Amino acid sequence: AQSVTQPDIHITVSEGASLELRCNYSYGATPYLFWYVQSPGQGLQLLLKYFSGDTLVQGIKGFEAEFKRSQSSFNLRKPSVHWSDAAEYFCAVGALQGGNEKLTFGTGTRLTIIP
Amino acid sequence: KAGVTQTPRYLIKTRGQQVTLSCSPISGHRSVSWYQQTPGQGLQFLFEYFSETQRNKGNFPGRFSGRQFSNSRSEMNVSTLELGDSALYLCASSAGQSSYNSPLHFGNGTRLTVT
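In order, the protein sequence lines correspond to chains V and X.
In this text, residue positions in the first sequence follow the numbering used here: the first is 1462, and each later residue adds one.
In this text, residue positions in the second sequence follow the numbering used here: the first is 92, and each later residue adds one.
Take these hints with a grain of salt, some might be off.
[Said to hold, decoys possible] In silico PhoX-like pairs for lysine-lysine, Cα to Cα no more than 25 Å straight-line:
#1 V:Lys1529 - V:Lys1510
#2 X:Lys92 - V:Lys1522
#3 X:Lys148 - V:Lys1510
#4 V:Lys1510 - X:Lys104
#5 V:Lys1522 - V:Lys1510
These are computed hints drawn from the structure, not numbers from a lab.
A quick note: this is a predicted structure, and the numbers were derived from the prediction, not measured.
Okay, chain V solo, but in the shape it has when bound (with noise of 0.2 Å):
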């Protein structure tokens, strides 16, 4: 079965400081790769995708994220954090299993960002 893992259940990181939220994936094929942000008492925000091509995908909130093949992960990057982004991030992978169209998400990383 497919599976999508966010390690890290809670990251603090201090303002100005670079950030990596991880993801990992289990999947035969290339998987469509997203990464959405929920903030307290909202839906989910898309913050980026990846279907195919570089590697390297730019998002909202001057957020980037890394689809690395052969590690089976998208990690998601920010080289400065505000406030503003503390939330909570999920990593959401698509894919076809067994002829079926799936979206899983992970349980999602909250972030905390401290003065």
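Assemble the complex: chain V is given as a structure, and chain X must be docked to it using the hints.
Okay, now just chain X, sitting in the frame of chain V:
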């Protein structure tokens, strides 16, 4: 363009009752997906509709049902409510035919509390 609208925002129901949640997708989007979000289980897929047809269904009991209308608006219904149904229910629409390879646009959710 207006975003995904979910109504109501908050609901309080008693065990055994039934509830109907509504979702209006972004104009032009014909695909609508529903998710249940809880602190313990994360985001769980309920169902997906495209042009009034259910394309995919998650592993939820038959008490959970949904439908999509010709104007792409969608409703989900939960009958015989249980305490464990307390959750944030999120609706998302997409421009593509399937959510697995098309970015999702989420509403702010309906917070259901079952007492």
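key: Earlier hints that do not hold, by number   = 4
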